[in-house]
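Chain W: place on chain C using the hints.
Taken in sequence, the protein lines are chains C and W.
Residues 1 to 300 (my numbering) are what the first sequence spells out, left to right.
Residues 1 to 93 (my numbering) are what the second sequence spells out, left to right.
No lab work stands behind these hints, which were simulated from the structure alone.
The C-beta atom is built at its ideal place from N, Cα and C for all residues, glycine as well.
Check before you lean on any hint, since a few could be wrong.
What the hints assert, rightly or not - Output of the computed footprint for chain W on chain C, the stretches with three or more beta carbons under 8 angstroms from beta carbons of chain W:
hint	stretch
1	23 to 31
2	97 to 105
Said to hold, decoys possible - Calculated cross-link-like contacts (lysine to aspartate or glutamate; reagent style EDC-like; alpha-carbon spacing at most 16 angstroms):
hint	chain 1	residue 1	chain 2	residue 2
3	C	Lys25	W	Glu52
4	C	Lys29	W	Glu52
5	C	Lys174	C	Asp158
6	C	Lys28	W	Glu52
Claimed, not checked - Beyond 10 angstroms from chain W on every Cβ pair, some chain C residues (computed):
hint	residue
7	Arg226
8	Arg249
9	Lys270
10	Pro274
11	Asn275
12	Gly287
One letter stands for each residue in the lines below.
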Amino acid sequence: MKNPYEVLGVPSTATAAEIQSAYRKLAKKLHPDLNPGDKAAEEKFKEVAGAYDLLGDADKRKRFDAGEIDASGAERPPRQNYYRDYAGAQAEHPYADASGYADFMDSDDIFADLLRRSQRGRANRRGEDMHYRLEIGFADSIAGATRRITLPDGGTLDVKIPPGLVSGQTIRLKGKGAPGFGTGGPGDALIEVEVLPDPRFARDGDDITIELPVSLSEAVLGGRVRVPTATGAVTMAVPKGSNTGTTLRLKGKGAPKRGGGFGDQFVKLKVVLPNKPDPELEAFVAGWEKGKSFNPREEG
Amino acid sequence: MAMTREEFLKSSGLKVQVLELWIEQEWLVPERTPSGLRFREIDVARARLIGELQSGIGANEAGIDVILHLMDQLHGMRRALAELRREMGKADV
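Chain W on its own, in the form it takes in the complex:
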């Protein structure tokens, strides 16, 4: 399931320099293992999203930074909300 750097480059269609830049900017956070970087499917989807924000929507670097940050907060809240709903269903409040 986890991909090596090479497999990720192939799967995402990113150029090496672009990948390095995105990792440096922490737009992508692959796992660091003793045998090198490991990417997951979520990283492929996130890379595709960044590409669409950049070329499709025309967001610049600062814009993408902010969008990703807010988006991850939004997903965090959605997860928390889902969790709340689950807990409340359990507790039958």
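Extracted from the complex, chain C is given alone in its bound form:
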């Protein structure tokens, strides 16, 4: 261990003020953060700082001068990291500053191009947008809903599903993304919403279509039937003489329109015969002469 007086370059008779001044002069020159490119600066600075630890403290200096402690007592525990170790790393940090070379980026040579590329989105960078996915049922996509999603860091986010949302639509929650750097401000949370298909309903713009099975007698004679809609079942009149493919309209039972109002629900009828053979039906059709001459595969 070197003599601390020699390290600081002061005589052993130096005053406290002289010691401080000597230390400051050396620290300005040797502090690793003031010499980010000098790998040896850390060792030299450690020596100087250790010497000053000893001589800058009147009590320790007295004990050193009396021979009670030696210079090794002045050795500092190895310090982990200086600011330069973080600021010089490639990782993003909020103190990054490109103003020292910003003018170089204005020209259009290859260096400017490389600089621009390396600098892009560094200092005062806005936070990242965070992407999430959310699945909702068909009814919720029409009527709207609120869903709470749990974030990877354990936080939660309340997502308001607007009425009439279409599958694949993205909801943007401003400022709910990752925090930004410097004055960049946070990013947004982008929630892609998938509407789980409902086998009963199909959506066509603001309108909803549904296929509704009806019995032969409901089709031929007409009647009132219950029809499911996205907002609950309603009663609908099936007119006399309906057929498979007959489409009826339930006004305003579709999805909300962007500009106000609602689309419609179209109900496409499908005539369904009983599953089991019915002797009565067979007997009736056997005696139904006109029915035998009707060929649905022929025009007219």
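Positioned in the frame of chain C, the structure of chain W alone reads:
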């Protein structure tokens, strides 16, 4: 990895008033999150540096302002230089 305000005070040994002053002066720029300030390791190292500039080297407030500003520019240039070297190595210019 990120520290709360309390953890940062403990880790850096700063007094609350000093921390508030340094944040106000933008010497320290912690992340602002809905659940409060978040500090990183770079903030601890930067706080230690500011302390050394102040008591060790004897820089005053204006001096520290200038030093930090120039130092961050220097690091910016070093990063740009490193990036250039990397890009040029890639392009094999």
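Hint check results:
Restraint check on the stretch 23 to 31 of chain C versus chain W: 5 residues with Cβ-Cβ distances below 8 angstroms, three needed, restraint holds. With 5 residues having a Cβ less than 8 angstroms from any Cβ of chain W, the stretch 97 to 105 of chain C passes the three-residue criterion, so the hint holds. The suggested pairing of Lys25/C with Glu52/W holds, with an alpha-carbon distance near 13 angstroms, which does not exceed 16 angstroms. The straight-line distance between the Cα atoms of Lys29/C and Glu52/W is roughly 13 angstroms, inside the 16 angstroms bound, and the hint therefore holds.
Restraint check: the Cα-Cα separation between Lys174/C and Asp158/C comes to about 12 angstroms, which is no more than 16 angstroms; the hinted pair holds. A threshold of 16 angstroms between alpha carbons decides the hint, and for Lys28/C with Glu52/W the separation of about 10 angstroms falls inside it, so the pair holds. Non-interface status of Arg226/C relative to chain W is upheld: no Cβ of that chain comes within 10 angstroms, the nearest being about 47 angstroms off. For Arg249/C, the condition that its CB be more than 10 angstroms from all CB atoms of chain W holds, with the nearest at approximately 48 angstroms.
Distance check for Lys270/C against chain W: the nearest CB is about 53 angstroms away, which clears 10 angstroms, and the non-interface claim stands. With a closest Cβ-Cβ approach of about 62 angstroms to chain W, Pro274/C is found to remain outside the 10 angstroms limit, as its non-interface label requires. Chain W leaves Asn275/C outside its interface by the beta-carbon criterion, the shortest separation being 59 angstroms against a cut-off of 10 angstroms. No beta-carbon of chain W is positioned within 10 angstroms of the beta-carbon of Gly287/C; the least distance is around 78 angstroms.
When held up to the earlier numbered hints, the structure conflicts with none and fits them all.
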